[in-house]
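Between the sequences and the hints, there should be enough to build the whole structure, so can you do that?
There are 4 protein chains.
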Amino acid sequence: MSIRVGIVGISGFGGGEAMRLIAGHPAFEPVYAAGEGSAGQRLSERFPGVPAKLADLVIEKWDPSRLPQLDVLFASLPTGASRDALARIPREVKIVDIGGDHRYADGWTYGLADVWPEAIAGKTRIANPGCFPAAALTALAPLLADRLIAPENIVIDAKTGISGAGRGGGAGFGYAESNENLIPYGLLKHVHMPEIESTIARISGGSAAGLVFTPHLVPMTRGILATIYARGRATSDQCLDAARSFYAGRAFVRVTDKPPQTKWATGSNLAFVSYAADPDRNLVIALGVVDNLGKGAAGQAVQNANLMCGLPETAGLEGAPVWP
Amino acid sequence: MSIRVGIVGISGFGGGEAMRLIAGHPAFEPVYAAGEGSAGQRLSERFPGVPAKLADLVIEKWDPSRLPQLDVLFASLPTGASRDALARIPREVKIVDIGGDHRYADGWTYGLADVWPEAIAGKTRIANPGCFPAAALTALAPLLADRLIAPENIVIDAKTGISGAGRGGGAGFGYAESNENLIPYGLLKHVHMPEIESTIARISGGSAAGLVFTPHLVPMTRGILATIYARGRATSDQCLDAARSFYAGRAFVRVTDKPPQTKWATGSNLAFVSYAADPDRNLVIALGVVDNLGKGAAGQAVQNANLMCGLPETAGLEGAPVWP
Amino acid sequence: MSIRVGIVGISGFGGGEAMRLIAGHPAFEPVYAAGEGSAGQRLSERFPGVPAKLADLVIEKWDPSRLPQLDVLFASLPTGASRDALARIPREVKIVDIGGDHRYADGWTYGLADVWPEAIAGKTRIANPGCFPAAALTALAPLLADRLIAPENIVIDAKTGISGAGRGGGAGFGYAESNENLIPYGLLKHVHMPEIESTIARISGGSAAGLVFTPHLVPMTRGILATIYARGRATSDQCLDAARSFYAGRAFVRVTDKPPQTKWATGSNLAFVSYAADPDRNLVIALGVVDNLGKGAAGQAVQNANLMCGLPETAGLEGAPVWP
Amino acid sequence: MSIRVGIVGISGFGGGEAMRLIAGHPAFEPVYAAGEGSAGQRLSERFPGVPAKLADLVIEKWDPSRLPQLDVLFASLPTGASRDALARIPREVKIVDIGGDHRYADGWTYGLADVWPEAIAGKTRIANPGCFPAAALTALAPLLADRLIAPENIVIDAKTGISGAGRGGGAGFGYAESNENLIPYGLLKHVHMPEIESTIARISGGSAAGLVFTPHLVPMTRGILATIYARGRATSDQCLDAARSFYAGRAFVRVTDKPPQTKWATGSNLAFVSYAADPDRNLVIALGVVDNLGKGAAGQAVQNANLMCGLPETAGLEGAPVWP
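Residue numbers (the numbering used here), protein chains in the order written: chain L, 7 to 330; chain U, 7 to 330; chain C, 7 to 330; chain Y, 7 to 330.
To be clear, the hints were calculated from the coordinates, so they are not data collected in a lab. Treat each hint with caution, since some may be false.
[As the list claims (entries may be wrong)] Residues from chain Y that keep clear of chain L, each with C-beta distances beyond 10 Å, as calculated:
{"id": "1", "residue": "Ala33"}
{"id": "2", "residue": "Glu35"}
{"id": "3", "residue": "Gly46"}
{"id": "4", "residue": "Gln47"}
{"id": "5", "residue": "Arg72"}
{"id": "6", "residue": "Ala91"}
{"id": "7", "residue": "Arg94"}
{"id": "8", "residue": "Tyr191"}
{"id": "9", "residue": "Val197"}
{"id": "10", "residue": "Gly212"}
{"id": "11", "residue": "Leu246"}
{"id": "12", "residue": "Asp247"}
{"id": "13", "residue": "Ala282"}
[Stated by the list, open to error] Within a straight-line C-alpha distance of at most 25 Å, the following computed DSS-like cross-link-like pairs (lysine-lysine) qualify:
{"id": "14", "chain 1": "Y", "residue 1": "Lys195", "chain 2": "L", "residue 2": "Lys264"}
{"id": "15", "chain 1": "Y", "residue 1": "Lys264", "chain 2": "C", "residue 2": "Lys67"}
{"id": "16", "chain 1": "Y", "residue 1": "Lys264", "chain 2": "L", "residue 2": "Lys195"}
{"id": "17", "chain 1": "Y", "residue 1": "Lys59", "chain 2": "C", "residue 2": "Lys264"}
{"id": "18", "chain 1": "C", "residue 1": "Lys264", "chain 2": "Y", "residue 2": "Lys67"}
{"id": "19", "chain 1": "Y", "residue 1": "Lys264", "chain 2": "C", "residue 2": "Lys59"}
{"id": "20", "chain 1": "U", "residue 1": "Lys264", "chain 2": "L", "residue 2": "Lys59"}
{"id": "21", "chain 1": "U", "residue 1": "Lys67", "chain 2": "L", "residue 2": "Lys264"}
{"id": "22", "chain 1": "U", "residue 1": "Lys59", "chain 2": "L", "residue 2": "Lys264"}
{"id": "23", "chain 1": "L", "residue 1": "Lys67", "chain 2": "U", "residue 2": "Lys264"}
{"id": "24", "chain 1": "C", "residue 1": "Lys195", "chain 2": "U", "residue 2": "Lys264"}
{"id": "25", "chain 1": "U", "residue 1": "Lys195", "chain 2": "C", "residue 2": "Lys59"}
Where is the CB? At the ideal position from N, CA and C, for every residue including glycine.
Below, the structure is given as structure tokens:
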């Protein structure tokens, strides 16, 4: 039995990664692909390495009123572009919105799949977490749940590869200007702040007042590292143990003694978390690593779709990371 | 039914990629891993993202006289290190030698799997092609077979990512010195020459006299492009048609109108070939792209092992390339 | 005595590099800067590290009819944009056209400064060579002049860093798509062909028939390597000796035994050339390395301006390359 | 009048950059170069682009008892290797120790040249600051001096290019493993901590208790960014104004409204600082950018030597950064 799947936003990096994962999925059958920049092309023109069985699928112009019969739709649209469009999709079509328009929106479930998998099962509208929140919250959740850190005054120093800026990034993200360059941006005002604050509050039962979030663009294509500074009296071992318990039996989160590196996750849906704490300084450092296009976007979206469809959570996501 | 597989050389890039592919293979079960630099470690220490089922496999010191029962052994050893060692392995253990010691050696079959698949089926000793030859010969084979180019005086200008230099590359391959640097080397004397010459002669029935091969190190991790200049009166379309016929029904070779880019193949076992010709200049340009660790090493090795074992050639190799 | 200098095209990479070099020049005083994308900005907004003395120079919209009094104008405009505009500049203003519109055009001298320095001295209209020709012709000139190679059937396999594609390169040159990617393009039809053909013919006195030129984009910001295959019976030593004689006393060309690497030239006006030959194969390989923005654009432009103004050729160009 | 200069540690990146800067210095004449890995080579073998006048200087094996007559010695030796050796150098030879052995050591002056230039003038023993401290302290100094932030509980999240790991970094810093990888390391125990603590205390008159310093390796060759989180009630404008006053008239520190990027400083001795503050959150973010081999090592060393010798502070350091 195959599940009929559509993807809109195939011209972007998130949509492209969704296509890659769905092409290798044992139960999902891609029957519809739409994208602004590549409409009219066959899939093999857009992705020269696409499996042969999908080579001739023609990319369509996105029109929510003219969809084929679908079981699941993955939407990876620019911020602001999906709210009205997705409202027109019949309720029985399951939607994972990889874009940012429905996080903590009415009628949508926030799909932090490694933390709240049971909340996702059976739902038809899932808002996929942002890439930075995915990295940061996966590292923070066990500490917040066990009250090992205070929810207030958390500092998240986040670093992303440049695919996180999206494909239409403009001249500022050209190779020559981005290469050999490390760029901090959006100080004190990044768009991901409310999503992180809401989730910290939800897990901890307290307030995320004083949250600081500083994103940086790193000259690499993929990968996110969140280096997080929080206040608490736990030891490193207590933090690691809390995470091991919290994620026991979960397929995609690895708790490591060594600080994780972004390359450990490349091409996969894995998240790596680690901790270093100094009770004397009332300090806990939490580290979270994901592939921004994997757990940070398309990987988690497929995981969410698996949960929505009652499939094994890991279907189509078993591949080991690419290294080196 | 699972096939018991061992890998020796797991500390290197080729052995590591073999482990990644085998970990996701439907029929191969990794039961033995050996490596010089990482002996004594669990596999999850060496590869933090390895699937959970393999995390606790302990990497052993390589000793050909102390192997568990194996059906297939993948050997990825430095040049010169495998000849004596592999001679001690029982004949019933199938071996794919990813290293360079057995190419065109007695008792071994040269495993250019997309060109001579039928020669590989059922064999127990396969010498996997080198990474540069894999890229160049895949592009040249259809032209040589159809006599569209002369086998003499072929010029191969080859470019490889730095993982092609191996893991123990030394200070000269440190990041700071390799980044933002393009390095030609081995002019007129590269080690891959005899392998390429022999294969050109074998396909064409003629002599590869005057072959020129110039390798370059490109500041990227993975990928090989061979830009090849040959003499012939064919048109571009004749060359493309010849390749489409030659590789009709073959799973891993894509013939493209546009010049292929190395990123098209990253993480996959695909090869891309294209051609541009000018009969007036008696000139054919052939382009071949592979991932040096995929089709150029571990991908082709798994393909060979599939053929040796009578499995579908594509088993464990269906994944689309990672992009971007 | 200071020489009043203007630069148009300051928003691009070539114009920016010209500004960097002129800012450190002992005799040139930048008094005018124009650029499309950055008009209205102070120079320090466009180049945050510009010397303090130039920080407040305001970038103007390019208007050839409204120039201040200038001694020298550096023009780095897109192809097609400079022909009419530069025709309106008074003859007494010396112009170096870094763009491609005036190479081998009437009234303009081709500024291959290391080969024909005496032709440039005192001129007022110099067409700066293209970046690929600068690399290839510097390597070829001694061999052609000494008739060590035939001018026919030369194959130039050229590789450039991505700044060579210009700043407004479009999405195809975004970081995520260019990184970890090696891209051949423009097969059999690159725009630099006529310039190279004309110069080969001019130096050799023969015909450049059968010239092949294949450019590749390499994932690095700066640097060009031309790997050139030619026919001739010279030995490596004869080629090296010819180059050492040809460039004896010339400041910017280094003849090396070892194959040169692009990083050797980064940030400088140097060119490196080397040779490997096999008389038995009737083969000469010539290698030429430049920084595409240095000797390949702004460095050679400043060298040309020095010659035009009767200054020491090396003024403002003495800096050693940046390494690593 | 020329000043006779020696460099020891020329095989490493810091020593190499010192040679590059000294080669272009108007008053310094390099007469001695020593290095472990390259002893016996001519300078042009080690640095193919070195100015012709220095090409034939032979690199010697380092022996502090056999030095030629020197006015200034730049020492760039591994940690632990310079203490005894430099003690044997006659007192009248001025020494700048780029390595880490003499920071806050008896008899040595800490050379934070943009903060305490007057303390350096006329001295003969200067300990050059570490690369991370140079970036962080330049950003912090104005805030600490003006008491806009508390000296306690400062969090420094620092990111460096890979040349900061030194040239003999080992396999872990090979290209293939470092590229496309972001690596946090040394959590809660980095070697630069005491130097930063001492300097914070010295500037503020208070205690740097609770200092947190987390370094990261970023896949680029050069550049450091320190993103610093401190407690204080100042506004962004107050911080920027404090820095503009503090560095008024100083040649090498640029205070910018926009968050600085590492590429702004590449190849130069510049430091860029900026600030974003939120009094409601009792938060000040300070950003400091340097080239780790420039202001973070050899650039500052030359600046210190200029001050020691009574030269203009900017001699040999006027070059604008390389961009792109």
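Status of the hints after comparison with the structure:
1. Ala33: Fine: 31 Å to the nearest Cβ keeps alanine 33 of chain Y off the interface.
2. Glu35: Consistent with the label, glutamate 35 of chain Y stays out of reach of chain L, its closest Cβ about 32 Å off (over 10 Å).
3. Gly46: Holds, since 32 Å exceeds 10 Å.
4. Gln47: 28 Å, holds
5. Arg72: 39 Å, holds
6. Ala91: 34 Å, holds
7. Arg94: 39 Å, holds
8. Tyr191: 6 Å, violated
9. Val197: 16 Å, holds
10. Gly212: 16 Å, holds
11. Leu246: 13 Å, holds
12. Asp247: 18 Å, holds
13. Ala282: 4 Å, violated
14. Y:Lys195 - L:Lys264: Within the cut-off at roughly 14 Å; holds.
15. Y:Lys264 - C:Lys67: 24 Å, holds
16. Y:Lys264 - L:Lys195: 14 Å, holds
17. Y:Lys59 - C:Lys264: 21 Å, holds
18. C:Lys264 - Y:Lys67: At roughly 24 Å apart (the allowed maximum being 25 Å), lysine 67 of chain Y and lysine 264 of chain C satisfy the hint.
19. Y:Lys264 - C:Lys59: 21 Å, holds
20. U:Lys264 - L:Lys59: 21 Å, holds
21. U:Lys67 - L:Lys264: 24 Å, holds
22. U:Lys59 - L:Lys264: 21 Å, holds
23. L:Lys67 - U:Lys264: 24 Å, holds
24. C:Lys195 - U:Lys264: 14 Å, holds
25. U:Lys195 - C:Lys59: Violated, at roughly 53 Å.
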